[in-house]
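> Same order as they appear, the protein sequences are chains R and S. When the letters of the first sequence are read in order and numbered with our numbering, they come out as residues 1 to 243. When the letters of the second sequence are read in order and numbered with our numbering, they come out as residues 1 to 243.
Misleading hints may appear alongside valid ones.
[Stated by the list, open to error] Under the rule of at most 16 Å between Cα atoms (straight-line distance), these lysine to aspartate or glutamate pairs were calculated in the EDC-like manner: (1) S:62 <-> R:2; (2) S:213 <-> S:237; (3) S:182 <-> S:222; (4) S:182 <-> S:237; (5) S:212 <-> S:172; (6) R:62 <-> S:237.
[To be verified] Away from chain S, derived, C-beta distances all over 12 Å, residues of chain R: (7) 3; (8) 28; (9) 41; (10) 144; (11) 179; (12) 190; (13) 198; (14) 205; (15) 206.
No lab work stands behind these hints, which were simulated from the structure alone. A quick note: this is a predicted structure, and the numbers were derived from the prediction, not measured. Each residue gets a CB set at the ideal place from its N, CA and C atoms; glycine is no exception.
There are 2 protein chains.
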Amino acid sequence: MDLQPIGVIRTCFAEKFGVPRQARMVAQARGTIHISAPFSHPDTVLGLEQFSHLWVVFLFHKAQTSFHPEDWRPTVQPPGKGAPERVGVFASRSPHRPNPIGMSAVKLESIHRNEASNELEIEVSGVDILDGSPVLDIKPYVPYADIIPEANNGWATEEIASYAVRFSPQAEAAVAHDPVAKNLITEVMRLDPRPRSQRDAVPLENPENIGKKFAFRFLRFDLHWVIAADATIHLVDVIHLAE
Amino acid sequence: MDLQPIGVIRTCFAEKFGVPRQARMVAQARGTIHISAPFSHPDTVLGLEQFSHLWVVFLFHKAQTSFHPEDWRPTVQPPGKGAPERVGVFASRSPHRPNPIGMSAVKLESIHRNEASNELEIEVSGVDILDGSPVLDIKPYVPYADIIPEANNGWATEEIASYAVRFSPQAEAAVAHDPVAKNLITEVMRLDPRPRSQRDAVPLENPENIGKKFAFRFLRFDLHWVIAADATIHLVDVIHLAE
Chain R
1 MDLQPIGVIR TCFAEKFGVP RQARMVAQAR GTIHISAPFS HPDTVLGLEQ
51 FSHLWVVFLF HKAQTSFHPE DWRPTVQPPG KGAPERVGVF ASRSPHRPNP
101 IGMSAVKLES IHRNEASNEL EIEVSGVDIL DGSPVLDIKP YVPYADIIPE
151 ANNGWATEEI ASYAVRFSPQ AEAAVAHDPV AKNLITEVMR LDPRPRSQRD
201 AVPLENPENI GKKFAFRFLR FDLHWVIAAD ATIHLVDVIH LAE
Chain S
1 MDLQPIGVIR TCFAEKFGVP RQARMVAQAR GTIHISAPFS HPDTVLGLEQ
51 FSHLWVVFLF HKAQTSFHPE DWRPTVQPPG KGAPERVGVF ASRSPHRPNP
101 IGMSAVKLES IHRNEASNEL EIEVSGVDIL DGSPVLDIKP YVPYADIIPE
151 ANNGWATEEI ASYAVRFSPQ AEAAVAHDPV AKNLITEVMR LDPRPRSQRD
201 AVPLENPENI GKKFAFRFLR FDLHWVIAAD ATIHLVDVIH LAE
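Build the full structure now, drawing on both the sequences and the hints.
Below is the structure:
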């Protein structure tokens, strides 16, 4: 099969931890799709600006060490609390699948053509895609085809937990001049970006875990946080990493 | 990129004319996804039966004569009446695209394992996919990720026209013993399955076109029809083709 990426998406998510579990969970999470030649002809996006949302079809390029078909397993462990222990790979949206193709419905912000790089730059928000993912296709989101009001949630009925996030004065000071970053850090921390194994082993809700410390690298920052009372995430320090 | 089909979908649409323009426009349109080994391990669909709808990610295998990237064009002509003359390929859901990947949200009917063929057979309805299309992936449709209530329809704001369909006694007799086929023929004919060029040149709504004759091959039938008064499609004969 002669498929080739039409470009790449750059996002604020350099590592898989912190990537929201679905598109549009973190409205502030921005991304830029860079469409390269020959796909960057301005006509290819004619009329796209009229849509509010679009589908990004991309490759989960870091889900596997390679694209060898042997890298998938029949079942996967869903990330949600209260989700079944394992579900079939085709009953999940996991990145670890025989053909590691992802699709995310995101909000369209703007479309520019960069004459210097000969690229189309499509700005989107509400992304849940890892930085650097190869993009295979872009399609408009069309409500009459894509909205199914009567569809159910299958096994994924549990609400996704969202926690309160508090900044220490020190952490606050570190992002005082960057309200966009502060907002994004808050939204990503709210979802508890730890891997499921750690969330299951050290739940935020358990008072025994109050005071336990964690670190998380995100954007240009090293975030140090502790579990505080009432399942609150307390950011004790935010350290700006050297470039 | 090492992508390989996980199986194939068999549908009632042997030719591109008659394929509904979107999934779920013809609720009766059935398809069976045949997942082949090694992807047909029963665990791969564990929990899928709990979902009402699923995404089929497939290849538009007949959109191009080959998968050569040169086969696409920057703009396409959308099929709808009242649609713009041309839109960008990434502003459309056309099959003619740089990476000919399609995605359709369909209703899940049933899942069986065929021990003889070592295949999983997933029955779906509301398909808009050509018979024999290679399937790359199956994902559950999840309302919280896939429904965007605030999304707009971009340039595709026009309602899709639906016409009245009448059977002559002769046509009626030909499908009298097959109510499922009769139903499906009615639904597909309602949408006027002619190519856009013909629909534009000979519109059903123009009284001057009353009496004009057409033929359309669908399922195991050759359908002969005329444009009747009040933009009605009159099926004058339905001929059962030899197997």
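> Take the hints in turn and mark each one as holding or not.
Hints, one by one, checked against the model:
1. Of the supplied pair hints, the one linking residue 62 of chain S and residue 2 of chain R holds, its CA atoms being roughly 14 Å apart against a limit of 16 Å.
2. Restraint check for residue 213 of chain S and residue 237 of chain S: the C-alpha separation of about 11 Å stays at or below 16 Å, so the hint holds.
3. Between residue 182 of chain S and residue 222 of chain S, the direct Cα distance comes to roughly 13 Å. Compliance with the 16 Å bound is thereby established for this hinted pair.
4. With a C-alpha separation of about 12 Å, the suggested pairing of residue 182 of chain S with residue 237 of chain S holds against the 16 Å cut-off.
5. Of the pairs offered as hints, the one joining residue 212 of chain S and residue 172 of chain S is violated, with about 20 Å between alpha carbons and a cut-off of 16 Å exceeded.
6. For the hint linking residue 62 of chain R to residue 237 of chain S, the alpha-carbon distance of about 57 Å lies beyond 16 Å, and the restraint is violated.
7. For residue 3 of chain R, the shortest C-beta to C-beta distance to chain S comes to about 5 Å, within the 12 Å cut-off, and the non-interface label is violated.
8. Against chain S, the non-interface label of residue 28 of chain R holds: every CB pair exceeds 12 Å, the least being about 17 Å.
9. Here residue 41 of chain R does not stay apart from chain S, with its beta-carbon only about 5 Å from theirs, under the 12 Å limit.
10. For residue 144 of chain R, the non-interface assignment is contradicted: its Cβ lies about 7 Å from the closest Cβ of chain S, within the 12 Å cut-off.
11. Against chain S, the non-interface label of residue 179 of chain R holds: every CB pair exceeds 12 Å, the least being about 25 Å.
12. With 12 Å as the threshold on Cβ separation, the claim that residue 190 of chain R sits away from chain S holds: the shortest Cβ distance comes to roughly 16 Å.
13. Residue placement check: residue 198 of chain R keeps its beta carbon more than 12 Å from all beta carbons of chain S (closest about 24 Å).
14. Listed as outside the interface, residue 205 of chain R is consistent with that label: its C-beta sits roughly 22 Å from the nearest C-beta of chain S, beyond the 12 Å cut-off.
15. Taking the minimum C-beta to C-beta distance to chain S, about 26 Å, the non-interface status of residue 206 of chain R holds against the 12 Å cut.
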